[in-house]
Each structure stands twice: as C-alpha cells, then as structure tokens.
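A.B. asks: If you want the building blocks of each chain, they are given just below.
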Amino acid sequence: MTSMINLLLFPIILPFFFAIVLLFFKENIRVQRSLTVIGLLAALTSSLFLISKVKADGVQAITLGSWPAPFGISMVSDMFSALLVTTTIIITLFVVVYSFSSIGKERERFFYYPAILFMITGVNGAFTTGDIFNMFVFFEVLLIASYLLIVLGGEKRQLRESIKYILVNVISSALFVITVAYLYSVIGTLNMADISVKIAEIGQPGIITVIAVLFLIVFGVKGSLFPLYFWLPGSYAAPPIPVLALFGALLTKVGVYAIIRTYTLFFVHDIGFTHELLLVLSILTIIAGCIGALAYFDLKQIIIYNIVIAIGVILFGVSQMNESGLSGAIFYLVHDMLIKGALFLLIGIIIYVTGTSNLRKMGGLMKTHAPLGWVYLIAAFGLAGIPPLSGFVGKMLIVKGAFEAGNVVGSIIILASSLVVLLSVMRIFIYAFWGKPVELPKTDRRPYRSMMIPSVVLVVLSVLYGVGTEWLIPYMSDATDVLLQPSIYIDAVLKE
Amino acid sequence: MKTNDVILQTTTKVVFFIIFLFSIHIFFAGHYSPGGGFVGGLLTTGAIVLLLLAFDLKTVQKALPFNFTIMTGIGLLLALGTASGSIFFDVPFFTHAFSHFNLPLFGETSLHTAMIFDAGVYLVVVGAAITMIQTIGGDT
Amino acid sequence: MELLMAIVIGILFMAAVYLILSRSLLKIILGTGLLSHGAHLLILTMGGLGGTSPPVLADGVTDYADPLPQALILTAIVISFGVTAFILVLAYRTYAEHKTDDMNLMRGDDEHD
Numbered sequence: 001m002t003s004m005i006n007l008l009l010f011p012i013i014l015p016f017f018f019a020i021v022l023l024f025f026k027e028n029i030r031v032q033r034s035l036t037v038i039g040l041l042a043a044l045t046s047s048l049f050l051i052s053k054v055k056a057d058g059v060q061a062i063t064l065g066s067w068p069a070p071f072g073i074s075m076v077s078d079m080f081s082a083l084l085v086t087t088t089i090i091i092t093l094f095v096v097v098y099s100f101s102s103i104g105k106e107r108e109r110f111f112y113y114p115a116i117l118f119m120i121t122g123v124n125g126a127f128t129t130g131d132i133f134n135m136f137v138f139f140e141v142l143l144i145a146s147y148l149l150i151v152l153g154g155e156k157r158q159l160r161e162s163i164k165y166i167l168v169n170v171i172s173s174a175l176f177v178i179t180v181a182y183l184y185s186v187i188g189t190l191n192m193a194d195i196s197v198k199i200a201e202i203g204q205p206g207i208i209t210v211i212a213v214l215f216l217i218v219f220g221v222k223g224s225l226f227p228l229y230f231w232l233p234g235s236y237a238a239p240p241i242p243v244l245a246l247f248g249a250l251l252t253k254v255g256v257y258a259i260i261r262t263y264t265l266f267f268v269h270d271i272g273f274t275h276e277l278l279l280v281l282s283i284l285t286i287i288a289g290c291i292g293a294l295a296y297f298d299l300k301q302i303i304i305y306n307i308v309i310a311i312g313v314i315l316f317g318v319s320q321m322n323e324s325g326l327s328g329a330i331f332y333l334v335h336d337m338l339i340k341g342a343l344f345l346l347i348g349i350i351i352y353v354t355g356t357s358n359l360r361k362m363g364g365l366m367k368t369h370a371p372l373g374w375v376y377l378i379a380a381f382g383l384a385g386i387p388p389l390s391g392f393v394g395k396m397l398i399v400k401g402a403f404e405a406g407n408v409v410g411s412i413i414i415l416a417s418s419l420v421v422l423l424s425v426m427r428i429f430i431y432a433f434w435g436k437p438v439e440l441p442k443t444d445r446r447p448y449r450s451m452m453i454p455s456v457v458l459v460v461l462s463v464l465y466g467v468g469t470e471w472l473i474p475y476m477s478d479a480t481d482v483l484l485q486p487s488i489y490i491d492a493v494l495k496e
Numbered sequence: 497m498k499t500n501d502v503i504l505q506t507t508t509k510v511v512f513f514i515i516f517l518f519s520i521h522i523f524f525a526g527h528y529s530p531g532g533g534f535v536g537g538l539l540t541t542g543a544i545v546l547l548l549l550a551f552d553l554k555t556v557q558k559a560l561p562f563n564f565t566i567m568t569g570i571g572l573l574l575a576l577g578t579a580s581g582s583i584f585f586d587v588p589f590f591t592h593a594f595s596h597f598n599l600p601l602f603g604e605t606s607l608h609t610a611m612i613f614d615a616g617v618y619l620v621v622v623g624a625a626i627t628m629i630q631t632i633g634g635d636t
Numbered sequence: 637m638e639l640l641m642a643i644v645i646g647i648l649f650m651a652a653v654y655l656i657l658s659r660s661l662l663k664i665i666l667g668t669g670l671l672s673h674g675a676h677l678l679i680l681t682m683g684g685l686g687g688t689s690p691p692v693l694a695d696g697v698t699d700y701a702d703p704l705p706q707a708l709i710l711t712a713i714v715i716s717f718g719v720t721a722f723i724l725v726l727a728y729r730t731y732a733e734h735k736t737d738d739m740n741l742m743r744g745d746d747e748h749d
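Chains A, B and C are the protein sequences, given in the same order. The opening residue of the first sequence carries number 1 in this note's numbering; numbering runs sequentially from there. The opening residue of the second sequence carries number 497 in this note's numbering; numbering runs sequentially from there. The opening residue of the third sequence carries number 637 in this note's numbering; numbering runs sequentially from there.
Treat the hints as calculated values from the structure; they're not laboratory data. Possibly wrong hints are sitting among the right ones.
No more than 30 Å apart at the CA atoms, straight line, and that leaves these computed lysine-lysine pairs for DSSO-like [unchecked claim]:
# : chain 1 : residue 1 : chain 2 : residue 2
1 : A       : K156      : A       : K361
2 : A       : K164      : C       : K663
3 : B       : K509      : A       : K26
4 : A       : K55       : A       : K400
5 : A       : K105      : C       : K663
Let the sequences and hints guide you as you build the complete structure.
C.D. replies: Here is the structure:
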C-alpha cells in the first residue's frame, strides 16, 4: 500500500461496495442510513486525498487489468475530474442526510439508498474514465440507477414521466453507441488519450467533425442543450425533491462534463465550426431557459429552467476555448452543482411547509419561517452571482473570456441572463415570503428542522466557495491547464 | 382452466438437470474456449424458467428456497472482491492472477482468479434475471 | 459483405424509427430493441468484418478478426438486455396504473395529473 496507484478508483469502488452491502439490509432502515453515510464519508475522504495527490504529482492514470495503455481501459483523474468527483460526493452526502426526514419509509425500504450509491458510482466513473466506450458503460450505470430513482414510489404521474425519461435516454444511448462505432471505424482506438493523438495525426478531416456534432447531440440530450432539453422539465418535476436535487445537481453535469472533455481533448483542430456551433447552441439554451424560468409559477419548474440556463452559461464559457473562458466554466460548473443542490433542498422545505409548489398559493412565510427565508435569499443571490457569492467569479471569468475572444453579443446575453435568473428566484422569494400570510397546513416542526440542517450547511459551503476563491485558484488553474493542453493528459496516460 | 401438463412436468424434471449440468460445463469451459459466467448464468436461468413454466411460482420457490436479491448481492461482492484484490498488491485494479496446479483427478489444471469473478457474474445473472421474472410473474 | 450489412442496419433503423414513432407503448419498446440491435451490428461492421478467422493473436497467426468490437457488442447487449427488461416491467406497471398504453393519452401537465 505504498504508492496507492489505485487511489483514483476509490471514489468509484467505495460507493459501489456500500451499495452492494446495502442489498443485504433491505428491511433495516437504520442500518441502511448509517452505512450510506459511512460509505459516502469514506468516498469523500478518498476523493480529498485524490485532489491533494493530483495537486502534488499531476494527472493520475491507471490502465485496468495491467494491460498496456492504449489497449486496456484507462482511468484518468486530472484536477478537473477530481474536483467534480469530490463535489458529487459532497452533494450526495447532504441529499442523503436530507432524505432521512423527507423521502419516507416506503421508498427507503425499496432500494432508495443503494440506487443513490449506484448512481454515484456511475457519475464518478463517468468523470474519471479515460476510455470512450467505458464512459458509455458508466453512463448506463448511472442511468439505470436513475431510472430506479425516478420511478421509485410508483405514483401515477411518476410512472408516466419516467417512461418518457427512459425512452429519451435509451434512444440517446443507442446514438452514443452508434457514434462510438463511427469513431472507432475512423480512428481505430477507444482510449481517449490515444484518440486525441490519432485525430491530431490526421488533422480532423470532415468525418471527424461529423462525429463531433454527433457527440454534441448525444451529450446534449443528457446535458439538456438546446433544442434537446425538451424532456427535462417534465421528467425532473415528477420524482420527490431529494431525487430531483440529485438529478438537477449531478446528472445534467455529467453530460456537460462529457462535452467539455471531448471538445477540449478530441475536436480541437476545427474549432471554427464545432465550437462556433457550441457557442450558438449555448446562447439559444440560455434564452430558452430564461423564457421558461420566467413563464412558470411553479417552484420546481422555475429552478429546473435555471438548470438549463446554467448549462448554457457553462458551455458558452467552454466554447471560447481560451484560458479565462475555460477556467470560468470550471468555476461555474462546481458552483452550479453546489448551489442547485442547495436550492432544490430549500424549495423542498418550502413545498413541505406550504403543501404546494404553486407560487400563487403561497405568501407571508417570513413571519413563520424567517430563517428559511434568509437562507433562501443567500442561495438565490449566490445563484445570480452577486459578489462575493459563489456564482460571481465563474461568470466574470466567462465574460472576460468572451470579450477576449471577441464575442461581445454573447457576453451581453450572459449578463442579461444573470438579471433574469435573479428576477426568477426573487419572484419565488417575493411570492412565498412576502405578502399576506396564507393559512399553512399543519406540519410537524421536527422534519422541518432536520431538513434545514443539510440545506443550510450546503448554502454555507457555497458561500465559502465564493469567498475562498483566492484559495481555490491554484486548483482551478491546474484543471484549466489540462483542458488547454491535451498533451498533459495524453502524456499521463501513455507514459510508458 | 385445468390443463393436462403431465408430459411437460415429467420431461422438465429431467431436462432441468441436463440444462443445469450443461450450464456448469459451459461455466468452467470459459477463458480458453467459449463460455463463462454470463452464458452459464443465462442457461441456468433458462432452466429455472422452464421449471416456472411447467410448475408454478410457489412450487419453484419451495424447491429452490433462495432469496435471489441476496444472490445478486453475493455475486456482486464476489466480482468486486476479486477485482479489488489487486488493490492490496498495489497492481492496477482488475489485474488477474493465474497459475498451473496439479490437482488430483483433474491433472494439470490452470486456475485463474478470473474464475472467481466469473462465478460472481454467474450469480448476478441468475439472481437478477430470476428476480425480474418473479416480479412480473408474481403480479397477476 | 459490408454493403449487405449496411443495408441490414439501415432496415433495422428504419423499422426502429417507425415503431418508436407509433402510439402504442409496446411497439415503442420493440422499436428501441431494434434500434440497439442495429447499433450493435453497426459496431461489428465498423470494426471491420474479419471473415471467419477467430479473434486470436498468437505467434504465426496472420489472419485474425478484431476482438474489440465483439467485446463492445457483448457489453452493449447485456446493457440493452437489462434496460429492456426494466422498461417492460415499467410499461406493465404504467399500463396497470393508467389503463392505457397509448402515449397520446399519457400526456399531462402540472395542473392535471
């Protein structure tokens, strides 16, 4: 156990192991809860170690089964993926603690926690893998777990919406396989570092650009890029809040990660077309998201459309392909995972307290639930990116990158979208917390308090993330370097 | 409706064991020739499904009193455990070890850790497939 | 041979799209099954059809098929098998709950469940 070459696999193996163990304790909820928390804490510890190791020794890579590098399945952990893995585990931990008092015994008994842990296995695997087909496999792992989570409980509406969710994902998965098949026939390899080398050798002819667009469609469906986000609002609104928080904070981000990885590692020789397309689509995504966020009077829908906006902002940063844009995108991605998790948990409490998700039926919560109001306000400001809260730095860097690349119109749209975001979340605050108090249904005070704790801590974390930007910059610039210079990634994988 | 299924039931009692033994054979044939845990597991599942067709869910449950969810869990643990063994030797995950042994009866045999992994796969396939069939079939 | 495979894959995709666009849930599921079969055949064809030679590379062997597409297909088949089984169960439950398998009747928005 001296050099720990397998360390980068621990955030994947540990949740998987605990998920399996949980299968043996189907009826014992207390054991399930404590094992889940222990497993996530262990995974968190290993991922923090991983970050420090990547910081000290550079990109970590391992090829499974001791095969030589381009032939076996490589797992690669650079700073970007290590940060995302850590954020994933943190959010899951809080959502799990939140679930204790909100998800209900029925679901807990029916493989709720194992499904979450299997999903985290898939998410972390997709963030870590260095093999394009293995990424498909990890996508399937997280999707199958998410199918279980979205349908768990079996309410009428859930069944209806999960059918649509699953069909969309099955079709996009088939398209993923098709795209990988095309790529393999042109390039003859599946190792991501090797693909990058081979594409550089042949200089990205037209067929590779076609494959790039196909990848954009595949990952765009998962990551809810315009015009492929149509399935998202309906499906995400169906499951209960903790599941929605996990989906909103993590699943779309896996698609975004995959776009970022492929568009900075593979398809960097014809950015005049591919990245321009990404730019246009991301701006359209922002606009579509803004319209949705303002159009609805439903708490869930408003925040769900804010996911779409954030996806657009992140990918807009990526499409600039310069240092400011990319590092802004990374900053904003991590920020968005934290703040979306926190916001979903908070609106979950609002829905629990008021018994409805319709804004028109709420009012005057400030009188009875003042702490909830203030915490929500901080989270809302954080989402809109008011300095010094967490959204500010990322968005500023993205806009700076856009100005450097000469995309003035895009930058203005980004800034305008911030106002829309602020307006949409403030509308929730005004409708729910101000005004004349409406009669609240009788609810227990205890779950309210125990739901508040994880939500508040998550908001505090996001504030620290914003305030501690200075301290995070060395990590972020490491992450950006790998995206800007594929050779770092390639050398780490094909070192022998 | 009462159907006359004496022939089906009688043949099933024999055929079940033939399929089952064949699945064991296929399982051990893996690695150097076609076969392995997945195919073996599917064959065993096929045998059990045949039992389910000939008899009913309750009888089969009585004859094979396993909890198939637990079986899936044990299979997953076996597979993951075998793969993780490599962590303790500080070699890449999934690295497999094998060696040749001289066993009584079998003679010169090559034993692989991959076989333990395959045993896990076998259990997962049987456990998961039967769980699915029971879930659908039990709900009438 | 490649041409024949291309035509077969095309027919599979065509049938899959036709079925997926229908209203009946069961037909849609069959369509997704055909779609993934088409995708698997596509991998096989794209990896280069190796004729009858086995995917084994040893000293002195010059004629061999590429083993990678076969491994990929096996993985993809297992996954699509699992997913299809899951959707079938789900479709059955949905049918029991909604009393219909017509996707048009399964519309709904936030106000109307």
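A.B. asks: Hints the structure violates: just list their numbers, smallest first.
C.D. replies: 3 and 5
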